[in-house]
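Below, each chain spelled out in residue letters.
Number of protein chains: 2
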Amino acid sequence: MEAARSLSPQANAGEMRYWRLDKRPKIEIEDDCLSLQTVPIPALEEGQVLMRVVYLSLDATNRLWMEEIENMYMPAVPLGTPMLGFVLAEVAESRNPGFRPGQIAMGLGHWASHVVTDGEGWMALDRPDGIPLSLAFGVLAIAGPTAWFGMMDVGRPKPGDTVVVSAAAGAAGSCAAQIARLKGCRVIGIAGGADKCGWLKDEAKLDAVVDYKTENVAEALHRLAPEGIDILYENVGGDIMDASLANMKQGGTVVVCGLISTYNGGVGAGGTGPKLFHNVIMKRLRIQGFVVLDYMARYGEAWAELIPWLQKGELKFRLDIVDGLEKSVDALRSMYHSGNSGKLMVQIGAES
Amino acid sequence: MEAARSLSPQANAGEMRYWRLDKRPKIEIEDDCLSLQTVPIPALEEGQVLMRVVYLSLDATNRLWMEEIENMYMPAVPLGTPMLGFVLAEVAESRNPGFRPGQIAMGLGHWASHVVTDGEGWMALDRPDGIPLSLAFGVLAIAGPTAWFGMMDVGRPKPGDTVVVSAAAGAAGSCAAQIARLKGCRVIGIAGGADKCGWLKDEAKLDAVVDYKTENVAEALHRLAPEGIDILYENVGGDIMDASLANMKQGGTVVVCGLISTYNGGVGAGGTGPKLFHNVIMKRLRIQGFVVLDYMARYGEAWAELIPWLQKGELKFRLDIVDGLEKSVDALRSMYHSGNSGKLMVQIGAES
Numbered sequence: 000m001e002a003a004r005s006l007s008p009q010a011n012a013g014e015m016r017y018w019r020l021d022k023r024p025k026i027e028i029e030d031d032c033l034s035l036q037t038v039p040i041p042a043l044e045e046g047q048v049l050m051r052v053v054y055l056s057l058d059a060t061n062r063l064w065m066e067e068i069e070n071m072y073m074p075a076v077p078l079g080t081p082m083l084g085f086v087l088a089e090v091a092e093s094r095n096p097g098f099r100p101g102q103i104a105m106g107l108g109h110w111a112s113h114v115v116t117d118g119e120g121w122m123a124l125d126r127p128d129g130i131p132l133s134l135a136f137g138v139l140a141i142a143g144p145t146a147w148f149g150m151m152d153v154g155r156p157k158p159g160d161t162v163v164v165s166a167a168a169g170a171a172g173s174c175a176a177q178i179a180r181l182k183g184c185r186v187i188g189i190a191g192g193a194d195k196c197g198w199l200k201d202e203a204k205l206d207a208v209v210d211y212k213t214e215n216v217a218e219a220l221h222r223l224a225p226e227g228i229d230i231l232y233e234n235v236g237g238d239i240m241d242a243s244l245a246n247m248k249q250g251g252t253v254v255v256c257g258l259i260s261t262y263n264g265g266v267g268a269g270g271t272g273p274k275l276f277h278n279v280i281m282k283r284l285r286i287q288g289f290v291v292l293d294y295m296a297r298y299g300e301a302w303a304e305l306i307p308w309l310q311k312g313e314l315k316f317r318l319d320i321v322d323g324l325e326k327s328v329d330a331l332r333s334m335y336h337s338g339n340s341g342k343l344m345v346q347i348g349a350e351s
Numbered sequence: 000m001e002a003a004r005s006l007s008p009q010a011n012a013g014e015m016r017y018w019r020l021d022k023r024p025k026i027e028i029e030d031d032c033l034s035l036q037t038v039p040i041p042a043l044e045e046g047q048v049l050m051r052v053v054y055l056s057l058d059a060t061n062r063l064w065m066e067e068i069e070n071m072y073m074p075a076v077p078l079g080t081p082m083l084g085f086v087l088a089e090v091a092e093s094r095n096p097g098f099r100p101g102q103i104a105m106g107l108g109h110w111a112s113h114v115v116t117d118g119e120g121w122m123a124l125d126r127p128d129g130i131p132l133s134l135a136f137g138v139l140a141i142a143g144p145t146a147w148f149g150m151m152d153v154g155r156p157k158p159g160d161t162v163v164v165s166a167a168a169g170a171a172g173s174c175a176a177q178i179a180r181l182k183g184c185r186v187i188g189i190a191g192g193a194d195k196c197g198w199l200k201d202e203a204k205l206d207a208v209v210d211y212k213t214e215n216v217a218e219a220l221h222r223l224a225p226e227g228i229d230i231l232y233e234n235v236g237g238d239i240m241d242a243s244l245a246n247m248k249q250g251g252t253v254v255v256c257g258l259i260s261t262y263n264g265g266v267g268a269g270g271t272g273p274k275l276f277h278n279v280i281m282k283r284l285r286i287q288g289f290v291v292l293d294y295m296a297r298y299g300e301a302w303a304e305l306i307p308w309l310q311k312g313e314l315k316f317r318l319d320i321v322d323g324l325e326k327s328v329d330a331l332r333s334m335y336h337s338g339n340s341g342k343l344m345v346q347i348g349a350e351s
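In order, the protein sequences belong to chains A and B.
All residue numbers in the first sequence are consecutive under numbering that gives the first Met the number 0, ending with 351.
All residue numbers in the second sequence are consecutive under numbering that gives the first Met the number 0, ending with 351.
Same shape as in the complex, but just chain A:
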């Protein structure tokens, strides 16, 4: 009965659907790791809110939340419970004075049509003027603050610095590269394929782009940054990171935002470190990691710059919106194989 209902594409009135984490992935996210469930929407208790999910943000780090990783920055999603994700939702019902029906809210929710929450970790939002809701969510929820705090708080660029961003066509990467450009830096993006590289040059207005699918990245960076890289904003790890490490300037900074090339295959079991790590000494590097969740209380600082840039069209952003909750797992998988162009999100319900 449960199995039959989980195949139903739409929940009936009074029902909600969600992706349940059933098994922890080993290498790829295998087919039996998650299953789509349908359950009745529970009646709200005092203090609770029923959120109707509009958009689900898919982020590279989601893969890590499925695993039990020693020293992970948050506990693994428990087996048998809804998969977690950042969502934009509309308040459908509320028994919580902090949320009014019809309001837009953003928070750590579920891969689900609806979420019942006590409101903790959620924030009600005003619709920003002149920015489509999908774009506002795509930039302001995760990617934009990740880029802004990583670049500004960890990287600390000065005008004229040479900045390299890997996975520069990705959601956080494209914001990070443009933030550096808007701060007066010379920005080189690393991305794969003519479409992404073309967008970075023509739309995001980077100074140079390296296509790792057709170029030797280390040689290209050596040519494009003959005096060395002041700031590397790293999203990838592995060989791509090594190519940049070999081209850092003395005293340079490596902002470690993500290591997506190492996420499939068990980070917890010991991933692949940079082979050219000795450059940390040779170049006197500062290599520093961060997690955007630490900056939640300071999101306003990032938004104060990001919103005007979006309104004025100075910060370009590509959305890659997949339609329908049922496509969430396949969409996330595609991210680890560079299948997406821009910020990957799932439209689960209609904007009202």
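It is possible that some hints are incorrect.
Using C-beta positions, here's what the derived DEER-type ranges look like [unchecked claim]: (1) B:299 x A:249: 20 to 26 Å; (2) B:299 x A:192: 51 to 57 Å; (3) A:227 x B:31: 52 to 58 Å; (4) A:293 x B:221: 35 to 41 Å; (5) B:152 x A:122: 36 to 42 Å.
The hints are simulated quantities; they were obtained by calculation from the structure and are not laboratory data.
Each residue gets a CB set at the ideal place from its N, CA and C atoms; glycine is no exception.
For chain A, the structure is supplied; the task is to place chain B on it using the hints.
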């Protein structure tokens, strides 16, 4: 003729002996990489000084100077020229007003009985009160400043911090560990064997010691630092570093002083990075490398603390002095196999 003379244990009056770099090492320092040469001491030109070498400091990084390594912090020693090393010498003759005969001087010299120099990169020293010359040289030339600037300028410990030092019985490591202790930190040393571990506990007064030859380092650190490591002072790299990375505290600092476990076998060809590098994100680490040569102009800051500590006996230091220039190569080789106990140096000439 040249070959026969190079076997002579002592140079005659008017002659000097030196180790010449003939071939770059591949894995170990092979037998034909260096040869002992005897040549006439040249007449001094105006501005030159003849230094009679008393002590040669052997340092792990010497192995790197023999190789051509991309992005190395200084150029490789040219083939066919004297091997470089830090030495303590007595001014034998001087045509340079900055140096008087009989004065003690320290600088980047050669593995040699004598060095002719224009004095650049050398400093004349007063003999410090109450400290044997060998100890003053052993601590103040390289090991002490390396430890002091790495710990104080890069690590920046606060009283009560938990500090881990790898290769803690080595020259820089033993100073770094004791500096942290003298600054009010709780210090855990990692070393190999009962002799070194016993010295660290009984003489250097560390709070705890892990013997990597008999203990699982990661488990021991987890037990000894259950709340995590605030500062890791890393001298080793490889598995030893991974064991500490897994036990860092959120927001901790990794001072990368050396990666000795990766030096034999070709750093330039791509060494072995930390397998557990993803902790840089999970723990929001700052991983920062440094080279003591950058701090030459600031040596006085380190000496201002190190000299009184030595005079009062608060900083313990072990010297491992090998006798005779001809033993230099074997002595350096032993360092990469943990053969030395304390600061390794070669006595080349008598203290006058």
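So, going through the hints one by one against the coordinates:
Taken as a hint, the range 20 to 26 Å holds for the pair residue 299 of chain B and residue 249 of chain A, whose Cβ atoms sit roughly 23 Å apart. A C-beta distance of roughly 55 Å is found between residue 299 of chain B and residue 192 of chain A, which places it inside the suggested range of 51 to 57 Å. For residue 227 of chain A paired with residue 31 of chain B, a C-beta distance near 36 Å fails the hint of 52 to 58 Å. Taking the beta carbon of each, residue 293 of chain A and residue 221 of chain B are about 24 Å apart, not inside 35 to 41 Å as hinted.
In this structure the supplied range 36 to 42 Å holds for residue 152 of chain B paired with residue 122 of chain A, their Cβ-Cβ distance being about 41 Å.
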